[in-house]
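Protein chains in written order, with our numbering: chain A, 860 to 1382; chain B, 860 to 1382.
Bear in mind the hints are in silico, worked out from the structure with no lab data behind them. Honestly, I wouldn't trust all of these hints.
Here chain B is said to cover these stretches of chain A; the calculated rule only asks that three of the stretch's residues, wherever they fall, bring their Cβ under 8 Å from a Cβ of chain B [said to hold, decoys possible]:
no., segment
1, 1091–1100
2, 1346–1360
Counterexamples of contact, computed for chain B against chain A with all Cβ distances above 10 Å [as the list claims (entries may be wrong)]:
no., residue
3, D1180
4, A1205
5, E1229
This structure is a prediction, so every number in the text was calculated from the model and none was measured. Note that beta-carbon positions come from the ideal geometry of N, C-alpha and C, so glycine has one too.
2 protein chains.
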Amino acid sequence: MSKPVTRREFLNLIAATSGTAAVLGITSALGMIPSSTQASVPDLLKLSSQRKKAVILGAGIAGLTVAYELDKAGYDCTVLEASHRAGGRVFTVRAGTLIDEIGNPQYCEWDDEPHLYFNAGAARIPSTHSNVLHYCKELGVDLEMFINENKAAWIQDDNIMGGKPIRNREVSTNVRGFMAELMAKAMKDGDLDQPFSDDEAGIILGLIRTFGDLDANMKYTGSTRAGYASGDYVTHTTQHEMIKIRDLLQTNALRGVISDNEGETGPMLMQAVGGNDRIPYGFVRQIEDKIKFRALVTSVELNDKGVTVEYDYDGQRHSIDADYCFNSIPSHFMNGIKHNLPAQYAQDMKYIRRGTAMKGAFQAKERFWEKEGIYGGISWTNQGIRQIWYPAHGIHKQKGVILAAYDYGNGMPFTRMTQEQRIEMMISQGEKVHPDYRQYVEKGITIAWHRMNHMLGCSARWRVSTPEEERIFANLQAPVEGKYWCIGDQISHHTAWMESAIQSAHFALAELDRRVRAEVASA
Amino acid sequence: MSKPVTRREFLNLIAATSGTAAVLGITSALGMIPSSTQASVPDLLKLSSQRKKAVILGAGIAGLTVAYELDKAGYDCTVLEASHRAGGRVFTVRAGTLIDEIGNPQYCEWDDEPHLYFNAGAARIPSTHSNVLHYCKELGVDLEMFINENKAAWIQDDNIMGGKPIRNREVSTNVRGFMAELMAKAMKDGDLDQPFSDDEAGIILGLIRTFGDLDANMKYTGSTRAGYASGDYVTHTTQHEMIKIRDLLQTNALRGVISDNEGETGPMLMQAVGGNDRIPYGFVRQIEDKIKFRALVTSVELNDKGVTVEYDYDGQRHSIDADYCFNSIPSHFMNGIKHNLPAQYAQDMKYIRRGTAMKGAFQAKERFWEKEGIYGGISWTNQGIRQIWYPAHGIHKQKGVILAAYDYGNGMPFTRMTQEQRIEMMISQGEKVHPDYRQYVEKGITIAWHRMNHMLGCSARWRVSTPEEERIFANLQAPVEGKYWCIGDQISHHTAWMESAIQSAHFALAELDRRVRAEVASA
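Let's have the full structure, built from the sequences with the hints guiding it.
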């Protein structure tokens, strides 16, 4: 009895908790795991004599995937990219990088060293994202392990423990202890749906005891898993006092602590060595001469010959004719681009909303977190910055770059601030987690994705699904006149992942291929 | 109300589960976390004119730590090491390595590439092991992330699911679902010790729901966290059928699945880039001229001048006089070495038993596990090989080295086998986890620590503690006549970790330093 799972269930749960900092915990927890460990790359019919032309709008991961695969299959491809760089929301900031946030352009002034970078967009590669991994392998992009959950990192919340940061392991150990006690109680008192044999019950009680580190009476009285209060490996030790569940309940971080190792953010995760923009630039290396940067699309016209795209380059109007068009331009920009797509299609495009998201980062003069025993992973706080991420690379080097703020979908208090105010807010809130923060961090950068040039939004937000939303999704996913496709993570059930962008490209390519094969067969 | 925690509690629990494959799960779960993130390196008084001589027996981590620190403080050090290499049970096997197991010597014949190595001894560095990390930094040993828990890896047990391997994430998701249902039941029916307010109960129910991915009726009906049965990110999906807890209970792997991310093996962990023997050899680089390899100690005599150690080198008897002696020779060898240690001390040394442990590894022609979506981490089986570890490094390269067996303390069925039989057993048991295993793996090596030359045992085993055991530990930890110390993880509350060996060295050094300072003050 498999039950169907749609993005609706996912979004229902989000809706149920929206407006709280728990949203990320929930989305992580619900991270969807694809059924196949095989990449979905379609086996495109290789074109020989009869060349076909494709124009691809946008050099993000989806557009690059289409161009790379079509180029290999013998298509004549042109990629038009509005900005000065490839990758879209796969964006790595390092010394000299321009962050082209509208109204807040910045150049990054960090030291020019390979480990001093910041993935301002896509940061984590789950091992279940077989298409991303497929291309990393094929394009020679080196990968290394990424750490998401770190039990040594901090939980800081003004609503618990007097605002004092405590280790993730203290929170998780004590919550598990409480949970295990509850389970033991149910085994004793509960009216179980199906009774267990003595043997089974014994195994379950053993599991529960192991889960929570309960004592022989199935009581939780604290655990060394939370760390020692004193002592070490050669002298006797005392454990930390246990923390009562009541004293922990008022932090939203709890949900993250108990679910962040599940689903898509669960172990294990990877990152590209040197920065995740190595992935889009892996594609770019293969098709560099097919990409026109700073080419701003002004018109998309479907016509008898195929598709004609007009674009501005250096103040001049240019035009390109192609048989096919693959469009990853954020759908909300298509309002302002002249086009002759069907009225219903145009209407449907307006349905897709874009999320907001702000990330900030500092270069740290010293890797102060390592002195606190933190190597990679995330600290959580109820402050506006929400998270501090420590790098999983460059261990024990002098300097490091940390993510100092990651706010998403919550009114975006940072948006109206000046850059100086954003940085001051990142520092002063970070000081609640690391009291000596200010002396270490320097050269802050921030990036508000909903104000980034050629973006004006983070990932697409499909809302609580309805039959009408199903119709819209299907309409936008289908080709128009067999020659125009919407691509990008915006047309996936699981936005904001590179994997989704690639799968959207493969979906469109497979559709195209069926048409081309049918044409060839009937010719 | 802190409760004291000793190794006794730890060992009681082990005793309670001994003879089952759950032992590792338990020891992991109970992994002790030190209270301090600061290394314990003692600040030794620097000797100037008045040189003192120290002889250190054994060039494992403990002996190297003592020699390195004393050398820095101006002591005249000699390290006598019986074998041809440093590191003891910190041993990395790569092309050309001699595995000097008695009765089964092997040279490793893997390809000579930096990523093709195997940590046959110490493999994992927890971020809480501040002394190991301190020396890695000081000695310039590069570190990278290590993956222990991988939800994509396999659980295979002949007693569940008809012996078919299932993903760790399927097991953990379904167990969590069951556990969450139990908790919800206790919240509804249980006679809770302390009632919660409606607000608190609501938060707890939300947590429980998140923990187990329960439906709105607080029932577990399966979860996408266990993966899709079909579909992907652009087409509709169905989830896997849920697995009933009853169908999972008969595997010992369950305990590992629910506790392996706690305590010492919890996130995050590290390894030395290129092999963990980079750590002992980091010390060796600093004190290379102080170490005599192939120097077999034959006599230790405490006398009026200090300590005289006799040793064999190249068939010749040699002798060295020193003021102090630090001895990391496995205590069970001291029976066969002439010495004049006090009778009670000699008797106490015999109390320490050594564990057994066997590891095996293959070079794989292809990284077949990556095709299955596995990058690092551990698969568990109820076969004798128990575990398969996949490398966290060398991602997407052609070949890789995997741990193919890790058996410890369970009668050691491998010991009586020939090397060919061991390898065949590793292959045939591995085929239950990876059906096409045999075609990929080659050039197997095995290492039985209880038969390794100059070892004849894995880590020391302190048994269930008694007042008598406390006395023995204290007696062996204290110096003899103020000039002889037992060192090594054998004299720690938490054997089998590099951190313990280092802390034992620091403990002895701090003791020595107090004596030297007192001498200087009274001179």
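Right, here's what the structure says about each hint:
no.	hint	result
1	1091–1100	holds (count 10)
2	1346–1360	holds (count 7)
3	D1180	holds (29 Å)
4	A1205	holds (22 Å)
5	E1229	violated (8 Å)
Consistency note: the structure conflicts with earlier hint 5 alone.
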